[in-house]
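Starting from the structure of chain A, add chain B where the hints point.
Chains as they are written, first to last, in my numbering: chain A, 1 to 610; chain B, 1 to 289.
Worth flagging that the hints you see were computed from the coordinates, not collected in a lab.
Even glycine gets a Cβ: it sits at the ideal position worked out from N, Cα and C.
Certain hints may be false.
Claimed, not checked - Listed next, the in silico DSS-like pairs over lysine-lysine satisfying Cα-Cα at most 27 Å (straight line):
#1 A:LYS576 x A:LYS84
#2 B:LYS56 x A:LYS178
#3 B:LYS189 x A:LYS142
#4 B:LYS67 x A:LYS471
#5 A:LYS178 x B:LYS67
Claimed, not checked - If you want the ones that stay clear, here's a sample from chain B, every Cβ over 12 Å from chain A, calculated:
#6 LEU46
#7 LYS56
#8 LEU133
#9 ALA210
#10 ASN213
#11 ARG253
#12 GLN255
#13 GLU276
Stated by the list, open to error - Per the computed footprint, the stretches of chain A lying under chain B, defined by three or more beta-carbons under 8 Å from a beta-carbon of chain B, are:
#14 462-475
#15 522-533
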Amino acid sequence: MHEHDVIVVGGGGAGLRAAIAASEEGADTAIVTKLHPVRSHTGAAEGGINAALREGDSWEMHAYDTMKGSDYLGDAPAIETLAKDAPEEVINLEHWGMPFSREDDGRVSQRPFGGLSFPRTTYAGAETGHHLLHTMYEQAVKHGIQVYDEWFVSELAVTDHEDPSDRQCHGVVAYDVKTGEIEGFKANKGVILATGGPGQVFEHTTNAVANTGDGYAMAYRAGVPLEDMEFVQFHPTTLPSTGVLISEGVRGEGGILYNAEGERFMFEHGYANNEGELASRDVVSRAELTEVNEGRGINDEYVHLDMRHLGEDRILDRLENILHLAEDFEGVDGLVEPMPVKPGQHYEMGGIETDENGETCIEGLYAAGECACVSVHGSNRLGGNALPELIVFGKRAGHHAAGKDMKEAEITTGYSEDAESGKVDTPVEPGAVTTTSDDVAADGGAVADPTGVVEQTVEEERERVERLLEKEEGLQHAAIREDLQDSMTQNVNVFRNEEGLKQALRDIREARERYQDVYVDDPSRTFNTDLIHTIETRNIIDLAEAITLGALARNEFRGAHWRQEYQERRDDEWLKHTLLRWNDGDPELFYKPVILEGENKTYEPKVRSY
Amino acid sequence: MSTQVSETEAETEAETESKPHQERRMSEKAARREAADRERLAREQLEAAESTVHLKVFRYDPEVEGKQEPRFDDFHVPYEKGMTVLDALMFARDHYDSSLTFRHSCRQAVCGSDAMFVNGSQRLCCKTQLGDLQEPVRVEPLPHQDVVKDLVVDMQHFYDQMESVEPYFQSDEFPEGEEQRQTRENREKIKMSTRCIWCGACMSSCNIAAGDNEYLGPAAINKAYRFYMDDREEADLEEHRLRILEQEHGVWRCQTQFSCTEVCPKDIPLTEHIQELKREAVKSNLKFW
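Bound-form chain A, shown alone (with noise of 0.2 Å):
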């Protein structure tokens, strides 16, 4: 068994910064992650970081652009704590040594972003996450922090007491990728989750194919609750074959969106008067896909997005890294056409219920980055906050598990008496498919002795895996994965209806129902990633559900949740979180409310116009 006082699990954007945190303050840390931290998707983030760092600009401003974003959904607390900390935390990157595009004085650049009221949006090119995860790495190591790199982590080891909040996280249990160990790693003082996003969940999106939801999916069956899983972020500029990313950048820079009658819809079509190209994430994707249900897009799929006119100095300088990935995924050269584009999905905005400080109900257990709901983003992020998210909150983690004294958090976290109880008609029963399910935390009561729950827990994930890979006959796992897929993308994607959100349902149940079945043909133990895409196909189907449950319970519309049987957002029913908790394999709704109150004001809700 490994030991460490800080284990963080993950060595994205999120991951990498909560270590260093951890380290600073003197803990024993170490990162266990499936892929090394270089290999990890903040490397594809592209656009840039927001930070208030001019004058002209403030961290009132904002927060107020990001209550705003997210459709008054996103808790102040949270907010606020993301645009005060963020601009120390860019400078503090610059003093890293991250190679931020410069001004002419020698200063670190900014530029527009959907959504924004002043040109916040720090960054390198258009490879800022790459050059954030590499900077990053480059101080892990620095720091002497240990990584265990293609150790695929499957399971917490949390103690069994009825009620999430009396748990304990006492470590993890991980798969060593090259060799086929199972083994214990117990955190003396805490676990932090930086798994990243579930973009596989989709068929069509930007993200990489390790983006199973892992964390999520392990923090959800260990009792924490997920939160606002149905505000899944659709990137407008997707290309349209592989979903590759076109950062929002291009629209920053001012690229221009045509349809296939050569509009300049976001106007003509009145989408976003004002704004245009610029307006946020949700309403872009939407004009998109209108454009293209209406018969204009281009081969009924796509638009146009155009920065020729940028001229080839401003686009080599800023955006260089978009011609490449045009020419090498879609053959277009930006310079000389046109880039083919669509939604794709790109983001969650929910994820594992945290408070500010990074913490979960169950003590020990903490959670940073995408895989994390604080929440920030609330129904919509806005472009260039997910990379302050990373650092900002990736630190407070990282300091909270090392033992800091931080002030204590307002937002609370868990199950509570006064919590609003929700109901939500499905079609086919959620959750575990057998009661008998190996999903429950430590079972057998070694609730005081930590070394024991995480002994049984690496007993028990021995046993599950060696029953993956004796069983002789069954199903793979890539069927099983392509038709969830396939039907999350047809029925839980920019548009939504009850029929389609019920036919989902119908799908995750039957592929829960396949899954009883699924065996794993390779034998080996040697680097088996038949074994790894199994295990995370179970992932998978856990966080379908919850993001389907929510969508189908939100009778409104607000912000990337789109419903067309509601098409108004309803604040005096639904200014709330949709928290979704696995009790044992049975998943339990329930809603708390957003917290507007700021430190100086409260955010009333307004229209969102743009």
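Relative to chain A, chain B alone:
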């Protein structure tokens, strides 16, 4: 939401005994049917495709009998314009042989995990169009690295070399509460070097690295270049960085064969960077002579 569906308690003993067995048989049958359906679907897709691609893929697994002897497997996959080598490998894995093993993640040329040896050259599979390659397309693991299984190589030596050049910013004096200034020219100077995604293609293509296990290699030297040329790092660190680079297995080993530059998927002028550092080393020694 209601509770779990539980089995009815009224079942007779005989039923509970025979049921698991029957259920298992049924589910095995269903599984076989599904596997057959899936194969048939793949075959139909293959037949319906306007064209197909023939891949010859290197296979090896140290612990599975019948795979311990390295061999090539043939896969035929349906081809569509725009398809990459990675797409074809994924199709082969998901439809024909789930044990086919390779690293991949972002499929957009930033994670660097799917560098392989394709038709005799180091390439990132995700950005290599099948349409640009001659058939059969031969896919092998990166040369000069130990093969773990199939197309997966051991990257540890590569990571060790990267980390041996102290790849992190070492300054510790900063302006209070604001960024350091850097000229556009200086950022431009280091820009290409900062694009490295640690894929290992360059190291694998380098003859010198193949013969000298201690040679830092092009990627690590490029990483050192990125810090050496960055004006934000204080001048007294330059000498420290040059010492690492000037060692016996450092920059002087490079014989300017340009193979690293040729294969780099991010177009980093690696050979040029190495030569610039050689010049810096000479200049710095001249100072002391």
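Here is how each hint holds up against the structure:
| no. | hint | verdict |
| --- | --- | --- |
| 1 | A:LYS576 x A:LYS84 | holds (24 Å) |
| 2 | B:LYS56 x A:LYS178 | holds (24 Å) |
| 3 | B:LYS189 x A:LYS142 | holds (24 Å) |
| 4 | B:LYS67 x A:LYS471 | holds (20 Å) |
| 5 | A:LYS178 x B:LYS67 | holds (17 Å) |
| 6 | LEU46 | holds (16 Å) |
| 7 | LYS56 | holds (20 Å) |
| 8 | LEU133 | holds (14 Å) |
| 9 | ALA210 | holds (22 Å) |
| 10 | ASN213 | holds (20 Å) |
| 11 | ARG253 | holds (23 Å) |
| 12 | GLN255 | holds (28 Å) |
| 13 | GLU276 | holds (18 Å) |
| 14 | 462-475 | holds (count 3) |
| 15 | 522-533 | holds (count 9) |
The structure is consistent with each of the numbered hints, conforming to all of them.
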